[in-house]
Amino acid sequence: MTMDVSRRTFVKAAAIAMATAAATGSMAGCAPKVNEPLNGSATTKTLSVCRFCGCGCGVICEARNGKLISVYGDPDNDSNRGLNCVKGYYLSKILYGEDRLTTPLIREDNSLKGTDQGFREATWTEALDLVADKLRTAWKNDKSRIAYWGSGQQPILEGYATAKFWKAGLRSNNIDPNARLCMASAVVGFMNIFQTDEPAGCYADIDDADVIITWGANMAEAHPMLYSRVMSRKISNENVKHYDVTTLRTRTSATADKVMIFKPNGDLAITNCIARYLIENETYDKQFVADHLQFKQGTEDIGNATYDGYDKSDIGQTVDKVQSITFEEYAARLDPYTWEYTSELSGVSVEDLQELYSLFANPDLRILSFWTMGVNQHNRGTWVNHNLHNIHLLAAKYGRPGCTAFSLTGQPSACGTAREVGTFSHRLPADLVVNNAQHRRYTEAVWNLPENYLDDIATPGFHTTKIFRELSNGNIDFLWSANNNWAQSMTNLTRFLGRGAEDKRGIFDAFIVVSEVYPTMSTKYANVVLPSAMWVEREGQFGNGERRTAVFEKAVEPPGDARWDQWQLMEIAKRVLVDETIEGEDAFDRLFGQWYDKDRADFRFDTERELCRSMWEEYRTFSNPSMNARAAAINSDADGTFGATLKMEAKQLAPYDEYIYNHGMTWPVREVDGKWLPTKWRFTDGPQEEGYDEYGIAQYGDAGLAGGMSFYKSANHKPSVVFRPYEPPAEIPDADYPFYLCTGRLLEHWHTGTMTRRVEALNNALPEALLDMNPADVSRLGLKNGDRVKVTSRFGEVEITVSTAGRTVPPEGYLFAPFFAEETLINLVQQEAYCPLSKEPDFKKTCVSVTKVEG
Amino acid sequence: MVISSLVVECVPEKTEAVARELPAFSGVEVHSIEQGYKIVITVESETVDDSYAETSKMIGIDGVTGVNLIYVNFEDDPTINPVGGDDAGRA
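The listed protein sequences correspond, in order, to chains A and G.
Just so we're aligned: the first sequence equals residues 307 to 1161 in my numbering.
Just so we're aligned: the second sequence equals residues 45 to 135 in my numbering.
There may be inaccurate statements among the hints.
[To be verified] Straight-line Cα separation of at most 30 Å, DSS-like style, residue types lysine-lysine; simulated pairs:
hint: 1; chain 1: A; residue 1: LYS810; chain 2: A; residue 2: LYS446
hint: 2; chain 1: G; residue 1: LYS101; chain 2: A; residue 2: LYS564
hint: 3; chain 1: A; residue 1: LYS953; chain 2: A; residue 2: LYS592
hint: 4; chain 1: A; residue 1: LYS449; chain 2: A; residue 2: LYS904
hint: 5; chain 1: A; residue 1: LYS627; chain 2: A; residue 2: LYS602
hint: 6; chain 1: A; residue 1: LYS569; chain 2: A; residue 2: LYS1158
hint: 7; chain 1: A; residue 1: LYS1090; chain 2: A; residue 2: LYS1158
hint: 8; chain 1: A; residue 1: LYS618; chain 2: A; residue 2: LYS449
hint: 9; chain 1: A; residue 1: LYS419; chain 2: A; residue 2: LYS810
hint: 10; chain 1: A; residue 1: LYS1090; chain 2: G; residue 2: LYS101
hint: 11; chain 1: A; residue 1: LYS419; chain 2: A; residue 2: LYS449
hint: 12; chain 1: G; residue 1: LYS58; chain 2: A; residue 2: LYS547
hint: 13; chain 1: A; residue 1: LYS373; chain 2: G; residue 2: LYS101
hint: 14; chain 1: A; residue 1: LYS547; chain 2: A; residue 2: LYS564
hint: 15; chain 1: A; residue 1: LYS569; chain 2: A; residue 2: LYS602
hint: 16; chain 1: A; residue 1: LYS564; chain 2: G; residue 2: LYS58
hint: 17; chain 1: A; residue 1: LYS547; chain 2: G; residue 2: LYS101
hint: 18; chain 1: A; residue 1: LYS569; chain 2: A; residue 2: LYS1090
In case anyone wonders, no lab produced these hints; they're calculated from the structure.
Quick caveat, the model's predicted, so the values are computed rather than measured.
Full structure from sequences and hints, please.
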């Protein structure tokens, strides 16, 4: 139906009014709290969250006749305040690609694995029976040979139920998310330093910062809405400066006031250099240091995690070890990082290093550091995270609005699901870990399990790289993945896709299940493809980079026979757990029976809202111990068994409907006089109503300390400044492989492009993955713009087109290629090396050669 | 007709010049300048793809620092909602 004139006039007027209100900041509060039609009773309006990057922008969806008809920025979501980036145009369109998966597929011809061929359509019953039979058989045979690979795109409650099934149902820790590829180094940094995950600050820090530093982060393309906020801050105050500290020029560099290009791993030296001179010149904050910090050093000679046996090697088992040192000993460790030595290591001039230092040395400046994959995907990713926090802590650039050290996330629920639910091989919900008895007891209490039931999972399982190494080695019989595309995003695809010279049959012999919405590289390797509901085709929840939990409501039905992942999980779990019991009770019913009626093959609730509300009540018990007497006693260590309290309220979550009513809230959320209030600045004292951590500090912290802060979750209430030295990359360019290759994301295509490449305009805007090269290198190799070249590493080779006019401008000796293009499959050359502490791979510095393809 | 509205953010001293340049884009109307550096525009085009194609070029205008989408109505986009059937656009 085409809009008539009055409808068109109305829609346009509404569009103008919303944009004007967003521009003037007068829109907040005008969004409806209930579903109301914009025009015409057939139109529904639902609350949602963008499903692309980690910004977590709120949007409102309008639907009519079962299809979305409009999307607009949610003015009442405090993360984006009504703004979206231009990817918002495609939030709707990604639902309607022509090749949506709508029927379960079963592979009949295993010889065609690796292609789209060899499948037949199947009923759900057939597919579920087959999947469950394979999983149960593999599990009963040897549970170390099963694995689940999840995602930072998995909604919170889907991740929660999956983790509960895997950890309590199967009692396996072989579950890990793709967030291991992007966030793990930040996580280990936060846990080592603060003993609690996720940033203390929030996006609103941008609005008060005097200096914004991007470290290894192309915010302009990867986090456009936040970068827009950075630009607005600069425009509102001409004294605000943006420094881009990076290994190559990007769109973010283009608008920075100062760009500092450093040599790979120079970040380790630069941060230590700043710390060195803060101490030597006594420009650090003495009171902040005295009140808040403790100092440590760790194991340093840890080599590189380039081989399968690394984790269990002698050095691999020492990587987490630290010892306390004095402040003076810490200062002595920094001594080598003089201006000159640091300049030599990093390639940054002494003058620029001094300028960067002078910012931190100025007590009046409010400094906000943002970082992403350049820091996290690093063979010493955890160490760089340490060092960035170190300089912010020494200079007391923490806690005041505008002052914080903030690791951005790349996916919409990397924080909410992967990190907060704990879908990692070593974690349990809410910062709990499997190898801590008190944490297991607490989890058993919330999950109504017998004491010691989870001792079977006291040892962490396979992290992501380990899962795919063991798959290729033939040691995984069953793999299930959802909300990701491992066959394109993993490292060393030459090995992991079984294309190497050595026998790597594992991927062909294992039974692989992929829950998906479109055909991808990963579905080519599937034995069963389960068609899933996408984005607002079901209700879900995301947790974004600033600790904001937000709900997206169901707006439309999934197409064809596509089904909600949560239903898929229940149907598989009930089959796999058949005849299993916990204390004599049916195991499935003990874990999921309150939500799912296995005999009716349906949830026990009339609406997804009611189901989510019920599941949320269990999930939020992890951060509200008072909701469960057994958990409360463990939290407070009532009988003295553990000698420590857990302080689970530090991540307190509100009742489910509060997140809908408030359009998302940042945890910890506190109940004050019957009203639930978010916390924007963790560990900073002040009125809760204004977003400070008043109730957290009152319960567990100390008042009256430097900066009005109290790090009450940290051991002895003191974050750890750990000395972490410079270390070169895992591979160094040589005569055979003279270039570093960095891979990453560009604006138009999100991750592996499974959604955005189905949109014609996005594909037209960026149709091909190009190899960005420095013009001097192109000239030296006798190449020209547009030439096809072969990029070869120690791991594999790909063909790609050279560009000197691409989106990035690398320095000489450095290359950039995006990873969105399946036909290029740049990760065929990608090294496997990962940070030994976080197990996050280094996607930024594989050494390669470049040769022209003749003909 | 797909109707969308955006806020184009600019370097303040170049805002007026950008506002003069924007109507040259297909389907674009400039409605107001807010706070000296934010230009409120609407875009009318046949499809979401066309709208994206126009607006994604705006970041390349000298003086533009950000292009924020506020609202998009695509009920008439024939590639999403084909005339003649609510589900015809689906696989």
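Hint-by-hint comparison with the structure:
{"no.": "1", "hint": "A:LYS810 to A:LYS446", "in the structure": "25 Å, holds"}
{"no.": "2", "hint": "G:LYS101 to A:LYS564", "in the structure": "25 Å, holds"}
{"no.": "3", "hint": "A:LYS953 to A:LYS592", "in the structure": "28 Å, holds"}
{"no.": "4", "hint": "A:LYS449 to A:LYS904", "in the structure": "24 Å, holds"}
{"no.": "5", "hint": "A:LYS627 to A:LYS602", "in the structure": "10 Å, holds"}
{"no.": "6", "hint": "A:LYS569 to A:LYS1158", "in the structure": "26 Å, holds"}
{"no.": "7", "hint": "A:LYS1090 to A:LYS1158", "in the structure": "10 Å, holds"}
{"no.": "8", "hint": "A:LYS618 to A:LYS449", "in the structure": "20 Å, holds"}
{"no.": "9", "hint": "A:LYS419 to A:LYS810", "in the structure": "14 Å, holds"}
{"no.": "10", "hint": "A:LYS1090 to G:LYS101", "in the structure": "26 Å, holds"}
{"no.": "11", "hint": "A:LYS419 to A:LYS449", "in the structure": "24 Å, holds"}
{"no.": "12", "hint": "G:LYS58 to A:LYS547", "in the structure": "19 Å, holds"}
{"no.": "13", "hint": "A:LYS373 to G:LYS101", "in the structure": "29 Å, holds"}
{"no.": "14", "hint": "A:LYS547 to A:LYS564", "in the structure": "8 Å, holds"}
{"no.": "15", "hint": "A:LYS569 to A:LYS602", "in the structure": "27 Å, holds"}
{"no.": "16", "hint": "A:LYS564 to G:LYS58", "in the structure": "21 Å, holds"}
{"no.": "17", "hint": "A:LYS547 to G:LYS101", "in the structure": "26 Å, holds"}
{"no.": "18", "hint": "A:LYS569 to A:LYS1090", "in the structure": "25 Å, holds"}
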